[in-house]
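J.: Sequence:
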Amino acid sequence: MINALRGMKDLTFEESERFVHIVTTAIKVSKKYGYSYIETPILEETKLFKRSVGESSDIVGKEMYQFMDKGDNDVCMRPEGTAGVVRSFVQAKLDRRQNEKFKFYYYGPMFRYERPQKGRLREFHQFGCESFGEASVYEDFTIIQMIGDIFKALGIGYDLQINSLGCPECMPPYREKLIGFLTECKDELCEDCNRRIDTNPIRVLDCKNEKCQTLLTNSPKLIDNLCDSCESDFEKLVKLLKSENIDYVVDTNLVRGLDYYSKTAFEFVSNNIGSQSAIAGGGRYDRLVEFLDGKPTPAVGFALGIERIMELVQMPEVEREGYYLGAMEESSVDTLFPLASKKRATDKVTLEYAAKKLKAHLKGADKVNARYCAVIGEDEMQNGTIWIKDLVEKSETTIPQSDF
RNA sequence: GUAGGCGUAGUUCAGUUGGUAGAGCACCUGUUUGUGGCACAGGUUGUCGCGGGUUCGAGCCCCGUCGCCUACCCCA
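Going by the working numbering, the residue at position 329 of the first sequence is 338; the numbering climbs one at a time, nothing skipped.
Hints are computed from structural coordinates only; laboratory data are not their basis.
Do not rely on the hints blindly, as some may be mistaken.
Subject to a maximum C-alpha distance of 25 Å in a straight line, what follows is the list of computed PhoX-like cross-link-like pairs (lysine-lysine) [stated by the list, open to error]:
#1 40 <-> 102
#2 376 <-> 357
#3 161 <-> 186
With beta-carbon atoms standing in for the labels, derived distance ranges [what the hints assert, rightly or not]:
#4 127 <-> 325: 21 to 29 Å
#5 33 <-> 338: 18 to 26 Å
#6 161 <-> 50: 30 to 38 Å
#7 24 <-> 365: 25 to 33 Å
#8 189 <-> 323: 43 to 51 Å
#9 124 <-> 24: 20 to 28 Å
#10 17 <-> 50: 39 to 47 Å
#11 324 <-> 207: 41 to 49 Å
#12 387 <-> 127: 28 to 36 Å
#13 222 <-> 328: 33 to 41 Å
#14 20 <-> 48: 18 to 26 Å
#15 401 <-> 106: 36 to 44 Å
#16 54 <-> 328: 13 to 21 Å
#17 181 <-> 48: 31 to 39 Å
Every residue, glycine too, gets a C-beta built ideally from N, C-alpha and C.
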């Protein structure tokens, strides 16, 4: 027997229904906010992710499905969605159309070669939105609001964490300040953190090690070191969240895992799905378009993890729907065929090809969750009628086949 | 990469100090020869993950191996 690869899952029945429900709900909401669909390739040049996600990240460092293709191109299955969308944005020269705004939503599989666990697969699915050309912090807020709308429509709860990661003006000086602080308590920090001081000092902030966290309580906070523009934007964001009654927590240690974020960063977290608790995350990435050879274009976006959200959504109860058609004698099956075809123009129809007893047909109708069970038996065959039972109302009628 | 847990019927799982392989659910049949869900009666379903070892005898003990799950790490 051949099994699916490690960390890759098949979805069927209620699981696939839940998957589709989440995607369609997210699409419906994002369309209300003016987003249109963008489809980009799963396979991209490895370079794209090295430059966007960042070489210092674990994703690029060790988690990519990367290989040489038959044309000797260094390629890679996308580990996230933003890079491809931005690449496409630049390739279509939308960056030259200054003063225009572009809003795209996407969804599809992402690949990371990680050790699978609860809420973490090697092939997983994200739904995401990217908004280009809008520098206003109102847009940052609007995106958070949109995610809130999606979760509300799905009926799931969450905690919202926000932070500001600063900009090219205030981040580098802060970074130096932090490195200074970290170097002083270097000996007491864990092994990972020591490595991160050189590679990505900001990452030390969200170290899970308790001892590190205690040491970090007195570390300089970026939030206290923002430049005027970043600070006023952050204050505005907080004000907007308050006025719209969206609960949030400022988490000064919230760091986005991908290098391209600046200013607003946020994460939606659930405490009911195990240790992989982030169900959506995103923020502003004003410099990424430039990194990928486009004209400087402000942008904000987010992605949500569909599999993680699947653990949280309750599906509405499925109601009986459509018709089940069955015959009691082999010879009547041919009579049913055209009736089924005709009915399918307006209703869901299940046709049983095997002749069975009435009881078996009623059971069969239950099995496919049909509202009506329609059967042709000996009597009906003789009279040119069909017997129909409403399985909800428990009422039954016999009508001419031509009226069916 | 590291650590722990688990692999027995379609599924969820039980299986005692080593002694003929079990239950619930699901499925099929019947009670009811044309009336579903409920009830009752009966029935089908197994490479006990795989390979080796110990033993008169292994689902159980030992060694190896593969797979799954959870956690660290990382992240949606």
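J.: Given the hinted pair residue 376 and residue 357, is their Cα-Cα distance within 25 Å?
T.: Judged against 25 Å, a Cα distance of about 14 Å means the pair holds.
J.: If you check the beta carbons of residue 24 and residue 365, does the distance land in 25 to 33 Å?
T.: holds, 30 Å
J.: Is it true that residue 54 and residue 328 lie within 13 to 21 Å of each other by Cβ?
T.: Cβ of residue 54 to Cβ of residue 328: about 48 Å, so the range 13 to 21 Å is violated.
J.: Does the Cβ pair residue 324, residue 207 satisfy 41 to 49 Å?
T.: Given range 41 to 49 Å: holds, Cβ gap about 48 Å.
J.: Is the hinted pair residue 161 and residue 186 satisfied, with a Cα-Cα distance of at most 25 Å?
T.: Violated - the C-alpha atoms of residue 186 and residue 161 are around 40 Å apart, more than 25 Å.
J.: Does the Cβ distance between residue 181 and residue 48 fall inside 31 to 39 Å?
T.: holds, 37 Å
J.: Okay, residue 17 versus residue 50 on CB: inside 39 to 47 Å?
T.: With a Cβ separation near 19 Å, residue 17 and residue 50 fall outside 39 to 47 Å, so the hint is violated.
J.: Kindly confirm whether 30 to 38 Å is satisfied by the beta carbon distance between residue 161 and residue 50.
T.: holds, 33 Å
J.: Assuming the hint says 28 to 36 Å, is it satisfied by the Cβ distance from residue 387 to residue 127 or not?
T.: violated, 56 Å
J.: Take a look at whether the Cβ-Cβ distance between residue 127 and residue 325 falls inside 21 to 29 Å.
T.: Once the Cβ atoms are compared, 25 Å apart, the range 21 to 29 Å for residue 325 and residue 127 holds.
J.: Just tell me: holds or violated, for the beta carbon distance of residue 401 and residue 106 against 36 to 44 Å?
T.: Between residue 401 and residue 106, where Cβ atoms are some 55 Å apart, the hint is violated.
J.: Taking the CB of residue 20 and the CB of residue 48, does the distance hold inside 18 to 26 Å?
T.: holds, 20 Å
In summary, the numbered hints that this structure violates are 3, 5, 10, 12, 13, 15 and 16.
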